[in-house]
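*Asks:* Sequence:
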Amino acid sequence: MTVAKAYRLLKAILSTAVDDQLIKRNPCRIKGAGQERSPERPVLTVAEVYKLADAIEPRYRALVLLATFGSLRWGELAGLQCRDIDLDAGTVRVERQLMQITGKGLVFTEPKSAAGKRTVVIPELIVKDLREHVKYFAQDGEKGLIFAGPDDGPLRNTNFNRRVWPQVLQDTDLPKIHFHDLRHTGQHPRRERRGVDPGADGAHGSLQHAGRDDLSALDPRAAAAGGPQARRPRPRGTRRDIGHATGTGAGQGRMKIEAQVRRPCLTWASSCREGGGA
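The sequence shown runs 1 to 278 under my numbering.
Quick caveat, the hints were computed from the structure, so don't treat them as lab data. Cβ atoms here follow ideal geometry from the backbone N, Cα and C, with glycine treated the same way.
Label pairs and their calculated CB-CB ranges:
1. F108 - L9: 33 to 41 Å
2. D140 - F108: 17 to 25 Å
3. R118 - R25: 45 to 53 Å
4. L22 - G153: 51 to 59 Å
5. Q167 - A33: 37 to 45 Å
6. R163 - I23: 53 to 61 Å
7. P27 - P150: 54 to 62 Å
8. G153 - R8: 37 to 45 Å
Below 16 Å or equal to it, Euclidean Cα-Cα: the simulated EDC-like pairs (lysine to aspartate or glutamate) are:
9. K135 - D88
10. K5 - E36
11. K112 - E95
12. K128 - D54
13. K11 - E36
14. K176 - E40
15. K135 - D152
16. K143 - E95
17. K128 - D88
18. K117 - E95
Build the full structure now, drawing on both the sequences and the hints.
*Replies:* See below:
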């Protein structure tokens, strides 16, 4: 990457020299020399995501699952407030992100792009985990943060990446992925291992309209217990549950919302069976 950047800079300098008639021809003519080729990031299977979620501190279990199946970025997750989530309708509204800015500390900012403000429909598979999390770990009030640190303050990426993330990867013997890589499990499931073309017509559509039973099958432990299971977090005190945060019903309201918002790409139900139980 450094070599490619240096080559692009040198080529730009020499192009200016040609324009100024200082040299007749730009010697930087190697095709592709200025292109950066980053190694492909590892992508966890659904079974590996649940292995990770089972091993991490209960406070961060829902954080891992929503990052994966909702394809939310760290700043978007850290900035979620109780008023942004409607678990009856199964939606999360992304309105802001919480970022660490040098010299200013943690600051609420606009999403990464104009399209960043969006409503995400989350699978019923993880709704129970989110309810448990809100009950025991979310801050109080409509503007209380959904995901808070052990001191009940805002989540800090630096602390999480130093204290929590490396340890859980070591405990689970999983690839050394970044937290941001969780989004790719939901966006690009490993279907090619079964001879399924990820770009085949209808591949994403089938998942987006999966029923309750199909979504439950994503959980490697669901078959044995008859449905998706969630380890109960350690109680820290009673928290109110989130229901109709946006005043939307669970039936007709959800259908109206789903017709207007973009669903995140889930994974094939068969992906969870690749590694067996978590």
